[in-house]
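Produce the entire structure from the sequences given, and follow the hints as far as they go.
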Amino acid sequence: MATQFVEQIIEDPFGRAQKVAVNLHESPLAWLHARGHLSERHYLAGDRLRADWEKAGLGPRITMRWDAAPGRQRGAGAVEPGLAQLSARERFDGAIRAAGPGLADVLWRVVCAGEGLVAAEKALGWPSRAGKLVLTLALDRVAGWYRV
Numbered sequence: 001m002a003t004q005f006v007e008q009i010i011e012d013p014f015g016r017a018q019k020v021a022v023n024l025h026e027s028p029l030a031w032l033h034a035r036g037h038l039s040e041r042h043y044l045a046g047d048r049l050r051a052d053w054e055k056a057g058l059g060p061r062i063t064m065r066w067d068a069a070p071g072r073q074r075g076a077g078a079v080e081p082g083l084a085q086l087s088a089r090e091r092f093d094g095a096i097r098a099a100g101p102g103l104a105d106v107l108w109r110v111v112c113a114g115e116g117l118v119a120a121e122k123a124l125g126w127p128s129r130a131g132k133l134v135l136t137l138a139l140d141r142v143a144g145w146y147r148v
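Number 148 marks the last residue of the sequence shown (the UniProt record's numbering); no jumps.
Be a bit skeptical, because a hint or two may be false.
As the list claims (entries may be wrong) - For lysine-lysine, the following DSBU-like pairs were computed, each having C-alpha atoms within a straight-line distance of at most 30 Å:
1) K132 <-> K19
2) K19 <-> K122
3) K132 <-> K55
4) K132 <-> K122
5) K122 <-> K55
As the list claims (entries may be wrong) - Here are the computed distance ranges between Cβ atoms for each label pair:
6) V118 <-> G94: 25 to 31 Å
7) Q85 <-> Q18: 39 to 45 Å
8) G94 <-> A123: 21 to 27 Å
Please keep in mind that the hints were generated in silico from the structure rather than gathered at the bench.
As the structure is a computational prediction, the values presented were derived from the model and not from experiment.
Just so you know, even glycine gets a beta-carbon here, dropped at the ideal spot from N, CA and C.
Take a look at the structure:
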């Protein structure tokens, strides 16, 4: 997959507009990990949470699902999509409960919704640079839940 950069104007923590190049294929979680702001354990926990969120079908859909079309043949031993989806939903809900109230908000915004830390801090009404600390605490709890 080719890297795709676009120029965006964002507001820095001091309220000044800055022009930055944004890689559209890199999640905020991957960005933080690549720059040493998250440990491998925290990154893996966040990646598992995001994967469960996607498997559970909790994200927005823009097209119809064809994988469960009537009459479609499944191989022997294949997991029913409903069961896999329910299992992922249970894991996701358990991980969010493990993070706890107050930590789950930033966790969902950054890991699942792909929102940047600055945008998440602003949306939650937090001071600048508080998001990274809270996200790290939340990912630590989620890593314990997933036994990473």
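Taking the hints in turn, this is what the structure says about them:
{"no.": "1", "hint": "K132 <-> K19", "verdict": "holds (22 Å)"}
{"no.": "2", "hint": "K19 <-> K122", "verdict": "holds (19 Å)"}
{"no.": "3", "hint": "K132 <-> K55", "verdict": "holds (26 Å)"}
{"no.": "4", "hint": "K132 <-> K122", "verdict": "holds (13 Å)"}
{"no.": "5", "hint": "K122 <-> K55", "verdict": "holds (29 Å)"}
{"no.": "6", "hint": "V118 <-> G94: 25 to 31 Å", "verdict": "holds (29 Å)"}
{"no.": "7", "hint": "Q85 <-> Q18: 39 to 45 Å", "verdict": "holds (41 Å)"}
{"no.": "8", "hint": "G94 <-> A123: 21 to 27 Å", "verdict": "holds (25 Å)"}
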